[in-house]
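Colleague: Sequence:
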Amino acid sequence: MPILNVQIMQGHSAAQKTSLLKNCSQAVVDSIAAPLPSVRIVLNEAAPEHVIVAGEIGKAMALVLVGLIEGRTDEKKAALIAALNRAVEESIGISGQDIRVIITDVPKTDMGVAGGITALAAGR
Numbered sequence: 656m657p658i659l660n661v662q663i664m665q666g667h668s669a670a671q672k673t674s675l676l677k678n679c680s681q682a683v684v685d686s687i688a689a690p691l692p693s694v695r696i697v698l699n700e701a702a703p704e705h706v707i708v709a710g711e712i713g714k715a716m717a718l719v720l721v722g723l724i725e726g727r728t729d730e731k732k733a734a735l736i737a738a739l740n741r742a743v744e745e746s747i748g749i750s751g752q753d754i755r756v757i758i759t760d761v762p763k764t765d766m767g768v769a770g771g772i773t774a775l776a777a778g779r
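So the sequence shown is residues 656 to 779, counted in the working numbering.
Among the clues, some could well be false.
Heads up, simulated PhoX-like pairs for lysine-lysine below, C-alpha to C-alpha not over 20 Å straight-line [stated by the list, open to error]: (1) Lys732 / Lys763; (2) Lys731 / Lys763; (3) Lys672 / Lys714.
Hints in this document: simulated from the structure, not taken from any laboratory.
Model, not experiment: these values are computed from the prediction.
Using the sequences and the hints given, assemble the complete structure.
Modeller: Encoded structure:
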């Protein structure tokens, strides 16, 4: 169950944000073969005055925090990072140099899934 928290600066249009959510969802499906119904994404926006990148207040950036049930290969994770970077860049038009993706592997015993059981108990 990939869970993403995408953080961007305020100021993007509703269409850009919709594109970002859809493109990130598809990037997850395409890169790690996760079923679309399992993908969860929350979009958070920060005021430009609350963002600093390379010493510059208000510089465009994106941070994508990804929680994955443990077990994906390094190659799958690299593919996910690249796919999410492209999805963000294409959706909101910021440089891939200012996008960061951080993946956290979550033990199967520490991830709750449908019905309130652990991923381990669900056989994932």
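Colleague: If a hint holds in the structure, say so; if it does not, say that too.
Modeller: Here's how the hints hold up against the structure:
1. Lys732 / Lys763: This hinted pair holds, its Cα atoms lying about 17 Å apart.
2. Lys731 / Lys763: Holds, at roughly 18 Å.
3. Lys672 / Lys714: holds, 18 Å
Against the hints set out earlier in the document, no violation occurs for any number.
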